[in-house]
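*Asks:* Work from the hints to combine the two standalone chains into their complex.
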Amino acid sequence: MGDVRLMKGNEVIAEAAIRCGCDGYFGYPITPQSEVMETLMIRKPQEETGMVVLQAESEVAAINMVYGGASCGKKVMTSSSSPGVSLKQEGITYLAGAELPALIVNIVRGGPGLGTIQPAQSDYFQAVKGGGHGDYKLIVLAPASVQEMNDFVDLSFELAFKYLNPAMILSDGVIGQMMEKVELSEYKPRWTAEEIEKISGSWATTGKTPGAQRRISTSLDLDSAKQEIFNHKLQAKYRAMEENEVRFEKIACDDAEYLFVAYGSSARICQKAVEQAREKGIKVGLLRPITLFPYPTKAIQEMLKNVKGILAVEMSAGQMVEDVRLAVNGKVPVEHFGRYGGIIPTPEEVVEALEQKILGK
Amino acid sequence: MTATTEINKIISKENMVYGKTSVLLDNEMHYCPGCTHGVIHKVIAEVIDEMGIQDKTIGISPVGCSVLAYNYLDIDWQQAAHGRAPALATATSRLMPEKYVFTYQGDGDLASIGCAEIIHACNRGENIVVFFVNNAIYGMTGGQMAPTTLEGQVTATTPYGRDCAVTGFPMKITEMIAMLPGTRFVTRQSAETPGAVRKLKKVVQKAFENTREKKGLSFIEIVSTCSSGWKLSPVKSNEWMKENMFPYYPLGTLKDE
Ligand SMILES: Cc1ncc(C[n+]2csc(CCOP(=O)(O)OP(=O)(O)O)c2C)c(N)n1
Ligand code: SF4
Ligand SMILES: [Mg+2]
Numbered sequence: 037m038g039d040v041r042l043m044k045g046n047e048v049i050a051e052a053a054i055r056c057g058c059d060g061y062f063g064y065p066i067t068p069q070s071e072v073m074e075t076l077m078i079r080k081p082q083e084e085t086g087m088v089v090l091q092a093e094s095e096v097a098a099i100n101m102v103y104g105g106a107s108c109g110k111k112v113m114t115s116s117s118s119p120g121v122s123l124k125q126e127g128i129t130y131l132a133g134a135e136l137p138a139l140i141v142n143i144v145r146g147g148p149g150l151g152t153i154q155p156a157q158s159d160y161f162q163a164v165k166g167g168g169h170g171d172y173k174l175i176v177l178a179p180a181s182v183q184e185m186n187d188f189v190d191l192s193f194e195l196a197f198k199y200l201n202p203a204m205i206l207s208d209g210v211i212g213q214m215m216e217k218v219e220l221s222e223y224k225p226r227w228t229a230e231e232i233e234k235i236s237g238s239w240a241t242t243g244k245t246p247g248a249q250r251r252i253s254t255s256l257d258l259d260s261a262k263q264e265i266f267n268h269k270l271q272a273k274y275r276a277m278e279e280n281e282v283r284f285e286k287i288a289c290d291d292a293e294y295l296f297v298a299y300g301s302s303a304r305i306c307q308k309a310v311e312q313a314r315e316k317g318i319k320v321g322l323l324r325p326i327t328l329f330p331y332p333t334k335a336i337q338e339m340l341k342n343v344k345g346i347l348a349v350e351m352s353a354g355q356m357v358e359d360v361r362l363a364v365n366g367k368v369p370v371e372h373f374g375r376y377g378g379i380i381p382t383p384e385e386v387v388e389a390l391e392q393k394i395l396g397k
Numbered sequence: 023m024t025a026t027t028e029i030n031k032i033i034s035k036e037n038m039v040y041g042k043t044s045v046l047l048d049n050e051m052h053y054c055p056g057c058t059h060g061v062i063h064k065v066i067a068e069v070i071d072e073m074g075i076q077d078k079t080i081g082i083s084p085v086g087c088s089v090l091a092y093n094y095l096d097i098d099w100q101q102a103a104h105g106r107a108p109a110l111a112t113a114t115s116r117l118m119p120e121k122y123v124f125t126y127q128g129d130g131d132l133a134s135i136g137c138a139e140i141i142h143a144c145n146r147g148e149n150i151v152v153f154f155v156n157n158a159i160y161g162m163t164g165g166q167m168a169p170t171t172l173e174g175q176v177t178a179t180t181p182y183g184r185d186c187a188v189t190g191f192p193m194k195i196t197e198m199i200a201m202l203p204g205t206r207f208v209t210r211q212s213a214e215t216p217g218a219v220r221k222l223k224k225v226v227q228k229a230f231e232n233t234r235e236k237k238g239l240s241f242i243e244i245v246s247t248c249s250s251g252w253k254l255s256p257v258k259s260n261e262w263m264k265e266n267m268f269p270y271y272p273l274g275t276l277k278d279e
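Taken in order, these protein sequences are the chains called A and B. My numbering puts the first residue of the first sequence at 37, with every later residue one more than the last. My numbering puts the first residue of the second sequence at 23, with every later residue one more than the last.
Extracted from the complex, chain B is given alone in its bound form (with noise of 0.2 Å):
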């Protein structure tokens, strides 16, 4: 018997504890190794399977390094110019409001750019669900400052740490997205840990469900790393997550009516 019939033999149908939702696609994914993004896409990647949309989800990927997105979940995709994702998502949602519409989007697309979309749409409580990858850099472009970069970060425009007396503060957009009435949910989670994976799974869940209820819009942060613009390992960039950002960017969630 060969190593590979073997194997093929150990994972039979039968054996099979876990699969891959067939939402994701097997396309080879561009991310670094270690990367939150990968991790993000699976889950909701699952919880479309689960609760039987893909047939009536539209995804909204941004500019950043999650541009490609569409390839890797089997859905309709919209792919927005730098931070409009939000407005684009906004149209679709009020033409078709019988969808799932969901924008996928990073610091930089979200806080920066395109916080005027962002806070518009968050404030007109479009019926939508945006998932926010805070890695506290510009992955795509090499590792540039990010709003949501902490105070003493290096980047590639912060080489001697982030000065907040010049580049002013981390922003907390989650707070402020908080206190619009025009959002239902808002939560802050983390991928970093299968726990932490699960409870995330969970609050995509009840997202997409607010959709369905026409409830208006959820907002999901998901505090990530960038092994790639840290310049750390994947193990060290978790640590440094964990020391770092989750005292500035505390998880859980700030709202839910």
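If we strip away everything but chain A, and leave its shape as in the complex, we get (with noise of 0.2 Å):
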């Protein structure tokens, strides 16, 4: 076992950026999400990696000097709760655009407007459909435990330097605040000059070498024929990302008659509700996407042999539903449940809604 520790969620986001060897943190305060930076300030990264941490004036400009960190092929992020992500996404298309590595950490509070300050996960389709304008997607990674939050960071970066596009990590209010045994990750060094003249040579804006080809980091081109070959290029990668990036977890599924689906949080509460609902005797399993984009489509649908029926629950007014809708097609019955506001399901009422709305059909 290596370094275990018992730890808040939003703290373990910053000591895992620490070590995975990220160059750059900007963020902004918002609860409850703040213990990010405010682990950062005291852990003070600078004088330990060199990672530069600095609190912007805003969302809006964390998010662009997180666009341009990016830009010099660097391993920067920000991270914020709900109100602030839906400031940065300006700054999240541009690095869709052109086409930047960089992690945005969204710890989701209830809205809509200033909501409230208690867990939510509603905001599912400003994470996964887009949120900024454009044809783009994130990769997003939706942790369920502290442990999750250690993991994905690293993951997270992988992922978006391997495909050249932001992804964030949806988490809320729950996991970043709760405490947990963690097993946090060994030290990575941030990458030298040369490293990421390797690793990002093609893009990255360090400064032309005399004689070589400079580099412009930009999402402009205002040929509408070249803008949809890029386009295309973009799709396609999103593609690839269906392909090979899909992460899911099937909890009691073997035998499974019926069948949750939910992600972070709610997939802890659904933990629950599958044994206390087999307890009275009813075969429910549970899928967790770990992947919100690219969405486990493909494991839903294989399920559907034994599975008579679905409840999406989601702590939304019905958000991700949508893509269990889109995956099943009408072949069972795709309920939904939700708690929001910033209210959290029990166990028994997920049971419950389970026997109303997918038994008693």
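Misleading hints may appear alongside valid ones.
As the list claims (entries may be wrong) - What follows is a list of derived Cβ distance ranges for each label pair:
1) A276(A) with N30(B): 48 to 58 Å
2) A229(A) with H52(B): 32 to 42 Å
3) Q166(B) with A261(A): 23 to 33 Å
To be verified - A short list of chain B residues far from chain A (calculated; beta carbon distances all over 10 Å):
4) E36
5) G165
6) E265
Stated by the list, open to error - Result set (BS3-like, lysine-lysine): computed pairs, CA atoms no more than 30 Å apart in a straight line:
7) K64(B) with K258(B)
8) K198(A) with K269(A)
9) K236(B) with K234(A)
10) K80(A) with K78(B)
11) K44(A) with K80(A)
12) K258(B) with K194(B)
13) K80(A) with K237(B)
14) K234(A) with K78(B)
15) K78(B) with K198(A)
16) K264(B) with K80(A)
17) K367(A) with K341(A)
18) K264(B) with K64(B)
19) K236(B) with K194(B)
20) K262(A) with K286(A)
21) K64(B) with K262(A)
22) K42(B) with K221(B)
23) K286(A) with K165(A)
24) K42(B) with K223(B)
25) K341(A) with K308(A)
26) K224(A) with K258(B)
Quick caveat, the hints were computed from the structure, so don't treat them as lab data. Using N, Cα and C, we set each Cβ at its ideal position, and we do this for glycine too.
*Replies:* Have a look at this one:
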């Protein structure tokens, strides 16, 4: 066993960033995620690894600092919560359009508007379907434990650099605030200038090498024909992600006649609901999407051989359920159960919803 | 002897007294005739060349007529969202402190939509150079009012002249920036005569030297013309600028520490 500790999800994001060789963090305080930057400020990584940590004047500035840092081939990130992530949407679409790798963490709280500071999962559409303008996709990872908050920081950077695309960790106030046992990652050194040149030398704006092609970080092409070709390239990239990067977990699915589909903290609640339902003799399993884009569409379809009905459980009025319905395409009933506005459902409520909405049919 | 061979003979190397810096690319500029952007580009390119910092300089282009500045200067560039160039420059300079980082921004970009980003980059004293091209109008989008548009000035969105009671007042952002302790060098220049261009070049050099010496933020406003937006000929534009802009935006150095 490596370095095992009892830590808050938000603190772990900060710790994992330092340990994975992150070069820069740019953020703006907002509940329930302020501990990310606070932890970094206490840890002073600038003295340890040379990582830059800066409190920006706004989320708009923070995400554009990320754009600048990413343009240099650096591993850079920001974190925020829902209202702040709304402000970041401009920068996020520019990152996608300029094909820049970066990590954005959203510790979701209830909305709309200023909403509440309590946890929610009501930013699914924003994260997965767009949020900003234009045809783009983020790689979206949904941790369901403090351990995954640790693991997904490094994984996000790995995927972001593999596909030259921004990645998002879509978590919520439950996972951000709760304390759990976590095995922290080993330290990885930050990339040297030479390593950056090797990894990102075709595009990183590090100063023009005499005689070599200069590099321009831009999302602009005024020529529509070229812009369409570029969009084809982006779409091909998203299809490759769908082919190669789908991640999910199945719990008690082998003999399942019914299925919960839930991610993040809702998946944790559903895990308990599976136990409670099985005690009552209901053979229900849980499919937990880990990547929300690319979505585990095929995995859901494969479950349809034995499953008679699906309940999508989310702390929203019904967002991810649309992707479940698209996958199922009417073959079995799909219903949604959600509490929202900052309310967290109990496992009992989830079992009751299964009985009423699916078994009752 | 044909005319071309004769011209080629005249412009032979021995006869040359002035050449275009190679940092300025041969791409045809999209700027309107008489536009100040082209002159400012040339000055920046010459200074980068003369200081030998081409391989260490990263430019951040704005949204505005100079969005395509990266087509003209042979350096690495980042193209920012409207108004956000100072945020990109902040991260670039902090993550690569040995580089020369500059933003190049219009008045709409810097003083309106990007007001927060520029004020805070200046307040933090980022080790960058800011070029602020004040032509008192939104050139790119077809000549609408800018924060720097003068009282009474006719634009596409102030067709009866800017009424300050309704729109607020022409903004002296450079004066505001000079007040911030984070800035080291704040100056207002122009580029309408050879003399003005020579002066401009001196301050540009000083600004990049400040970056080299890690002195912090240098801010150069260039009071400029936009003949298309102003609907005047290039010559008339220069006259209008001298008559109307210079009194409100007086040239000179506001701060040099
Ligand atoms: C978010 C956003 N809002 C508006 C625009 C449209 N727009 C493009 S350039 C511009 C004004 C530029 O004016 P200025 O900065 O003064 O530059 P100039 O063209 O005069 O050099 C505007 C409003 C945009 N591209 N993005
Ligand atoms: S519209 Fe104005 S600022 Fe733009 S290129 Fe023409 S003269 Fe220059
Ligand atoms: Mg302008």
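*Asks:* Taking only the CA atoms, is the gap from K367(A) to K341(A) under or equal to 30 Å?
*Replies:* holds (10 Å)
*Asks:* Take a quick look at whether K234(A) and K78(B) sit within 30 Å of each other, Cα to Cα.
*Replies:* At roughly 18 Å apart (the allowed maximum being 30 Å), K78(B) and K234(A) satisfy the hint.
*Asks:* Holds or violated: K262(A) and K286(A), Cα atoms, limit 30 Å.
*Replies:* Roughly 43 Å separates the two Cα atoms, so the pair is violated.
*Asks:* Take the C-alpha atoms of K44(A) and K80(A), compute the straight-line distance between them, and say whether it is at most 30 Å.
*Replies:* holds (18 Å)
*Asks:* Is 23 to 33 Å a correct range for the gap between the Cβ atoms of Q166(B) and A261(A)?
*Replies:* holds (29 Å)
*Asks:* If you draw a straight line from the CA of K80(A) to the CA of K237(B), is it 30 Å or shorter?
*Replies:* Judged against 30 Å, a Cα distance of about 24 Å means the pair holds.
*Asks:* Below or equal to 30 Å on CA atoms is what counts here, so check K80(A) against K78(B).
*Replies:* holds (28 Å)
*Asks:* Can you confirm whether the C-alpha distance between K64(B) and K258(B) stays at or below 30 Å?
*Replies:* Holds - the C-alpha atoms of K258(B) and K64(B) are around 22 Å apart, at most 30 Å.
*Asks:* Run the distance test for K341(A) versus K308(A): straight-line Cα separation, threshold 30 Å.
*Replies:* holds (24 Å)
*Asks:* Is the nearest Cβ of chain A still more than 10 Å from the Cβ of E265(B)?
*Replies:* holds (35 Å)
*Asks:* CA of K264(B) to CA of K64(B), is that 30 Å or under?
*Replies:* Holds: K264(B) and K64(B) sit about 22 Å apart, inside 30 Å.
*Asks:* Hey, K264(B) versus K80(A), does the alpha-carbon distance stay inside 30 Å?
*Replies:* violated (52 Å)
When held up to the earlier numbered hints, the structure conflicts with 16, 20 and 26 and fits the remainder.
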